[in-house]
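Visitor: Whenever a hint applies, use it, and build me the whole structure from the sequences.
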Amino acid sequence: MDISSLLFTIFAAIFYFQSTVCSNIDIQPFANSFDDFLKEHLKYDKIESELQKVKYIKRKADSAELVQTFKTNLETLFKEKEKILDGIKTSIENAKLNYTSSPTSNDFVQEFDYNNMRDEGSNKRVGFVDDFSTEFKVNLTHSFVQVPTNIYKFKQSVLQQVEWSQHVDNTFQQNYAKNSNLQYQYYGDSSGVFRIFPGNVMPVNEEADLFDCRRRIWYIQASTSPKDIVIVIDYSGSMIGNNIGIAKITTSSLIDTLQENDYFNVITINKDVTYLMPCVTHLIQATKENKEMFKNAVSKLTEPTSIVDVDFGMDEAFKIFNESKASARCNKAIMFVTDGIEGTYAGRASFERHNKDKKVRVFSYLVGRIKNPDQEALVKMACDNNGHFYSINTLGNVWDTVLDYLRVMSRPITHSLNEGSLKDEDIKTTFTSAYKDNAGFGMVMSASKSVFEKEKNSDGTTKYKHLIGVAGTDISLKNLSSLAPYSKLGVFGRGFVINNNGFVLTHPNFRQQKGYLPVPPNILIEDLEHCLDNSNHSVNLKENMLGKVDIDVSKEFSAYWNFDDNKKYVKTFNQYAHDKIVGTDFVAAVAVTDLDSHYLDIDISDPAMKQLFTEGVKALDAPVIEKPETPSNETNATSSWQPPKNFTYVEIAPWNYCPELEQYIQRHGVLKPITARQMYEVLSNSTISIDTLCKSTEELLNRLLVPAGAIDKIIKSEWTEKSGEFLDNLFIATSGGYQKMFAFTNKSQPFDRDVVRSKLFENVLSSAAKTDGSIDESIRMVFGTDPKDPHLDSNEPVEVTVTRPFWEQSVLAAVSGITMRSDKLNQQFITQSSYVSQKYKENNSSFVCAMIDDFGYIIASNQGNKYTGRFIGERVSSIIPYLNMTRKVIKDTQAECEVPDDDNSSANLLLTPAKLLVGCLSCLAKSVYWLTIQAAVLLVSLMQNQHEVSAGEHTKITVSCVKDVEYFRLNRTLIEAYGARMEDKTWDAFKCPGQCTGKNAPKFRIQVIPGTNVYLLEMSIGSDDSEACENKCFQDPYYPKREELRTPKAEWCVRNQQNATHYRKQPIAKCYNETSKFDHAHMCGRASMAIPSFATMGLLVLGAIWVLMQK
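Read in order, the letters of the sequence shown are residues -22 to -1, 1 to 1089 in mature numbering (1 follows the signal peptide of the UniProt record, and there is no 0).
Since the hints were derived computationally from the structure, they do not count as laboratory data. As the structure is a computational prediction, the values presented were derived from the model and not from experiment. For each residue, glycine too, the CB sits at the ideal point set by N, CA and C.
In silico EDC-like links for lysine to aspartate or glutamate, alpha-carbon gap of 16 Å or less:
hint	residue 1	residue 2
1	545	944
2	401	64
3	941	876
4	869	1021
5	1019	870
6	869	543
The calculated label-pair distances, taken between Cβ atoms and stated as ranges, are:
hint	residue 1	residue 2	range
7	876	773	19 to 27 Å
8	490	698	35 to 43 Å
9	1041	955	45 to 53 Å
10	148	420	25 to 33 Å
Guide: So, in structure tokens, the structure goes:
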């Protein structure tokens, strides 16, 4: 039977109608006809016959054993990173020591060109490679330097820093030579100069470069021990105008310097004390969301009034410290932001009552350009309490000045090193939470270590002076995830890592951040491993992972797993095991599900299996697609290039099949697991003994190659180009990680390399899963489509995939299938059904026949291509209550929401024209010098704001939020029972809005298509003369809800009350918080007065002119 005849039979069977209703379709012949169609083109019967010859061994997935494998792999990785950082740290400290001890080190340094990340012209003399990053070309022999915009790049101190720090390049290169999968290595100096290897040139854009390494979490986290901070803002009448503007920016900048092991709060004081967030009267953890909420509240402070009572305010700050149940339990500091205090040392009485031991440092910030400022009281306040005094005259002073307090709080580490209570090698590496890398490596984390300046004593020993910077390197979360033993964890089993705060570091459902998302969320593990029966089990599991023992913990419970772009779910019963990762604040865990409780090994002792192993090596061979090279002056030369038609793809899962193969493959950049082609080239080399080379991972390699060898000959001989008339591709994938696709169109691409954990396997296993956790092996065909965005009115076709599972001892051993475009299905239906009646044409609103999957998504219908891939309720919303679908609502704590028009939380306070205009006018009467600076910044901000408004017309800005996500699933058991008792032409009524009665009353029926995951849903809406009635059935399309819960101060307050005392573990690094015996008056900023240089003024003016020229 040819394709056209077969499809005619299929669709005639599905969509044949009698009179005004669908006939009683015999579902079994339809299922059989499509099975014949698959057999004709996929040759699944021959493929499965060969797979049945494989000697499979069913083995149990042991969670305790698997977590030890995961933990060991992670410990090895983290130790390697620590060793790399130790080398960078030593190199930097020695370079600085030798440079400062040189007799010429203080000489004037002539201006010289250096490799600058922001100056493309100065880098033409060095070469670049493009296989390190997807975003940037890099230089593998030199590091490049980035200097913050507010620092003159030829300033003497900058040139000196560039001169001595360039010696670290040797260390960078040696590290990279030993580990070609190493990502960026870098050093951030306390001066703001940033050095990175491999060197790269950042793309030029019109926005101001606001990057400053000292403001990055990896720098801050390594600089100081954890801290509790209370920021006290003077909100008296004298703060009106420019002063409150600078105070708000200073406060927001201080909040930005906090990381998730820190705690903080913000209060404003005049004659009263007001909590910035009234529902938070205690210390709150400095998570990303909490910091944004406070910064948003700070931005809305507008009208200072009354007089200030400093004693009253400081009493409240100490009350916050003393009464908070959760805290950093290490350093404490009060940050007082004010425009000055008249007269004597205000606040003395409060400090004498609460701070006699000087354990709480006080940092005072004098803001605004004030004639003859009375700063002595603020200086004494800081000096008497082991803090520091700062003067911030203008907006341009904020960035550098705010960051300096970190240097002060790092002093205890320096003194401990000199005392000998802390050894250099005992300084712990710190690890950040996850964030999106802008160099194309996806979600990453940073590892960093503090670097100190040393000086030589007269006796030849060395002394530590102070913190001079932080060394760091990046770790891809994809690299971390790849270390989990997914080859044995199966489709829904998973490995994950949490930190000491219970936040997720890596987890398969920890979503990749996309687009512009300024605040990626801190996700608690109980949000991703949420127990269905008792939410306390999830929380108790987390606390047990963090070391809490006095709790009743269950390591086995049911949870939902979301998949297919978060539109479907499956319920699994999970068994958890976990263990601490030595030398870090992390805990590794695995979850083995009831659907993946076993995996398939190979009995390689059988001689036939050894022969299949050899054939499997040949099965890795496939043509190589070579893209045309891009000329250096044509960046988009390959943008229109497409892969060829009738092309065979071969991929293997990104698993560690044979670590020893790494020595034969030269690569750069992020960890790129060995490809099928690379493995073929190595293993087919007759000089290499596979048995010896890959002994440690022999089992995994057998699972890959033996099944591949079994099916390869059949595929090569039976899959032909003639199937391309209606199909997009044919494919097969095994549980051992082998994937082969015959693509008939140039738009077909292989599935994810981790195909076992893609929706291909997820759809099959979830469709076959019974409520008791067993497998329904009668499911022989699984249909699926790419879901469409419900809010896009698109007629674009989607891919329809039909997958056939191969079960071995109730374990999913392989899947094979076809992919075809939905428009081909629908066009064939229109063509064939027109012979029966014109009523069945596309978009017929009187009769709706649709094949829908378990979750209510349309696979095929007579409603045209527009609705394929959409939820059935989008076409006929009134039918939903009558299908007896199970409805679930699951919280999505990683959702993205558009920023409301009135939400200015993402506004750049430094560049808000209205505020700067006030500042500019207030300075008019003071000095031309200050006016010029303010005007320059204002001009830059106006131009940038105009650009942002223009860009905003095309780009939506999103922020992290929480949504309730609605899912529907058909009850197969109920529908099968309904179909068994259904008589010919018996239909159930359902109601649409309006008065539809008699022959116009809507009717429906639904049947399970045997052996599949789909159902035939037939609906008679009404006759041709009932348009007014029938149209009401299509009113108000129903979309599964994605409802935003981010309201939000009230919602945020509720969640913070719930999480205020959530269990966390202290970081393993020792707390260094000694203050009293180390700090001296001359170190507290007694004569400090920050005044911007004429170079800074000139830089700002030139920047404004440049922006104008760009326009």
